[in-house]
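S.K.: Assemble chain B onto chain A, guided by the hints.
There are 2 protein chains.
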Amino acid sequence: MGETHKPKATLAEGAVPKAVVSRLSLYLRELQHLVRDGNETTSSTQLGSLLGFTDAQVRKDLAYFGQFGYPGIGYRCTELIDAVKRILGTDRSWPVALVGLGNLGRALLGYRGFQNQGFSIAAAFDVDPQKVGPAIENVPTFHLDELAAVVAGKKIKLAIVAVPAAAAQEVADRLIAAGIDGILNFAPVTVTAPSNVSMVGVDLAIELEQLTFNVVNQPSKS
Amino acid sequence: MGETHKPKATLAEGAVPKAVVSRLSLYLRELQHLVRDGNETTSSTQLGSLLGFTDAQVRKDLAYFGQFGYPGIGYRCTELIDAVKRILGTDRSWPVALVGLGNLGRALLGYRGFQNQGFSIAAAFDVDPQKVGPAIENVPTFHLDELAAVVAGKKIKLAIVAVPAAAAQEVADRLIAAGIDGILNFAPVTVTAPSNVSMVGVDLAIELEQLTFNVVNQPSKS
Numbered sequence: 429m430g431e432t433h434k435p436k437a438t439l440a441e442g443a444v445p446k447a448v449v450s451r452l453s454l455y456l457r458e459l460q461h462l463v464r465d466g467n468e469t470t471s472s473t474q475l476g477s478l479l480g481f482t483d484a485q486v487r488k489d490l491a492y493f494g495q496f497g498y499p500g501i502g503y504r505c506t507e508l509i510d511a512v513k514r515i516l517g518t519d520r521s522w523p524v525a526l527v528g529l530g531n532l533g534r535a536l537l538g539y540r541g542f543q544n545q546g547f548s549i550a551a552a553f554d555v556d557p558q559k560v561g562p563a564i565e566n567v568p569t570f571h572l573d574e575l576a577a578v579v580a581g582k583k584i585k586l587a588i589v590a591v592p593a594a595a596a597q598e599v600a601d602r603l604i605a606a607g608i609d610g611i612l613n614f615a616p617v618t619v620t621a622p623s624n625v626s627m628v629g630v631d632l633a634i635e636l637e638q639l640t641f642n643v644v645n646q647p648s649k650s
Numbered sequence: 429m430g431e432t433h434k435p436k437a438t439l440a441e442g443a444v445p446k447a448v449v450s451r452l453s454l455y456l457r458e459l460q461h462l463v464r465d466g467n468e469t470t471s472s473t474q475l476g477s478l479l480g481f482t483d484a485q486v487r488k489d490l491a492y493f494g495q496f497g498y499p500g501i502g503y504r505c506t507e508l509i510d511a512v513k514r515i516l517g518t519d520r521s522w523p524v525a526l527v528g529l530g531n532l533g534r535a536l537l538g539y540r541g542f543q544n545q546g547f548s549i550a551a552a553f554d555v556d557p558q559k560v561g562p563a564i565e566n567v568p569t570f571h572l573d574e575l576a577a578v579v580a581g582k583k584i585k586l587a588i589v590a591v592p593a594a595a596a597q598e599v600a601d602r603l604i605a606a607g608i609d610g611i612l613n614f615a616p617v618t619v620t621a622p623s624n625v626s627m628v629g630v631d632l633a634i635e636l637e638q639l640t641f642n643v644v645n646q647p648s649k650s
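Order-wise, the sequence lines are chains A and B.
For the first sequence, my numbering assigns the number 429 to the initial residue and increments by one for each residue that follows.
For the second sequence, my numbering assigns the number 429 to the initial residue and increments by one for each residue that follows.
None of these hints come from the bench; they were simulated from the model.
Hints may contain errors.
As the list makes no split between identical chains, a pair holds if one copy fits it or if it spans any two.
Said to hold, decoys possible - Keeping only pairs whose Cα atoms sit at most 20 Å apart, straight-line, the calculated SDA-like set for lysine to any residue is:
#1 K583 x I509
#2 K513 x P499
#3 K513 x R487
#4 K513 x H461
#5 K513 x V643
#6 K585 x N645
#7 K513 x P562
#8 K446 x G500
#9 K559 x Y539
#10 K559 x R504
#11 K583 x N642
#12 K446 x N645
#13 K446 x L479
#14 K513 x E635
#15 K488 x P499
#16 K446 x Q646
#17 K446 x L632
#18 K582 x L632
#19 K513 x Q638
#20 K446 x G629
#21 K585 x Q646
Everything numeric in this text was worked out from a predicted model, so none of it was measured.
One chain only, chain A, in its complex shape (with noise of 0.2 Å):
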């Protein structure tokens, strides 16, 4: 409490708390449109207004993974979008693996927001023989049973999941058997996984009950 400068944790001393490896992600984000718009630099204050985030807060979280501000200059924002970029891991290409050609799959096919942060998907399938063959916005298509070896031939090591709800225990199962390490499942239900597979589930009710929560004990609102 009376410290201001706890000494700094690298990544093996301890844990990182989730929501601030989730405000790395806005960060980066707000980095990259900096310098888009031509910004060589920027401060703690103008990330954390740009975020509704004190500048403490900012300062906080990016202490948690070193020291990258310079005095009298603030951040140099390509050298930080550099350092959070190897801190989250997407200073590589990470070739995914899509299972589940329906709505959600194909929509997920074209969703910009992966190509756009360095992700591709590099094989998609379905356990139809009428929806895999062609590929689909350039992404190849397979037979689940082909999963296993398309994943060793391209080496790829993250996996989304858009099955109904009743087949997602069983593609995750295969696709950790297949040697997946990361999981992101959309199906509506929760999917358990061995402690050494990374697994993010992604229900997106649970996003409009945060809504509806906020609505509700917002008092100016009935």
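M.R.: Chain B only, in chain A's frame:
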């Protein structure tokens, strides 16, 4: 630290951390699964273990909103479901407007996860006259110019933005002008709103970045 029984906070007394609200949605999902599987009661230990949280975390989260357990019984599932829905505001039905009828918008029209939680998309909008007119997945579609009239007529308070990044802020502004209180934004760009409007951004690449962070920082992986 020494206290084990904290006074319960009412919603009016202080802000509930966002992470707690997110976990409420997860508890709700697990409670719904438990009821579907024929369970009448549960415990903080069971709920926690289903989600990978400690029982203390579950009790602490629920304690923000009141006392829900019974000595020697635990939680009555349907009673706790009703309470959590009331807290989240999903004990009522929320008609939702969707703007953008590209791949993502069409996928969201068919997303089961919304219907499962009582959200129904009541109207969908696009600026392209070719995309509107016939209902899609039983949802009526309209030109964006009809937004204000339809939102008022159907008493819609929540909206989903699934338009290209360049159009997202303008669409949000039009939604807010039409009386929308909460916006779920899927466009890969930061959209700002006045403080009395709740804005939740869904940046799907952020979720993937959380995965890459976990994968690169897991000691057992290279």
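S.K.: Each hint: holds or not?
M.R.: Going down the list of hints, with the structure as the test:
no.	hint	result
1	K583 x I509	neither (26 Å within a copy, 43 Å between copies)
2	K513 x P499	neither (23 Å within a copy, 50 Å between copies)
3	K513 x R487	within (17 Å within a copy, 37 Å between copies)
4	K513 x H461	within (15 Å within a copy, 38 Å between copies)
5	K513 x V643	between (35 Å within a copy, 14 Å between copies)
6	K585 x N645	between (41 Å within a copy, 14 Å between copies)
7	K513 x P562	neither (33 Å within a copy, 44 Å between copies)
8	K446 x G500	neither (31 Å within a copy, 35 Å between copies)
9	K559 x Y539	both (19 Å within a copy, 19 Å between copies)
10	K559 x R504	neither (47 Å within a copy, 44 Å between copies)
11	K583 x N642	between (42 Å within a copy, 18 Å between copies)
12	K446 x N645	between (25 Å within a copy, 13 Å between copies)
13	K446 x L479	both (18 Å within a copy, 16 Å between copies)
14	K513 x E635	between (26 Å within a copy, 14 Å between copies)
15	K488 x P499	within (16 Å within a copy, 42 Å between copies)
16	K446 x Q646	between (26 Å within a copy, 14 Å between copies)
17	K446 x L632	both (19 Å within a copy, 16 Å between copies)
18	K582 x L632	neither (30 Å within a copy, 23 Å between copies)
19	K513 x Q638	between (28 Å within a copy, 12 Å between copies)
20	K446 x G629	both (14 Å within a copy, 17 Å between copies)
21	K585 x Q646	between (42 Å within a copy, 13 Å between copies)
In this structure, the hints that do not hold are numbers 1, 2, 7, 8, 10 and 18, in rising order.
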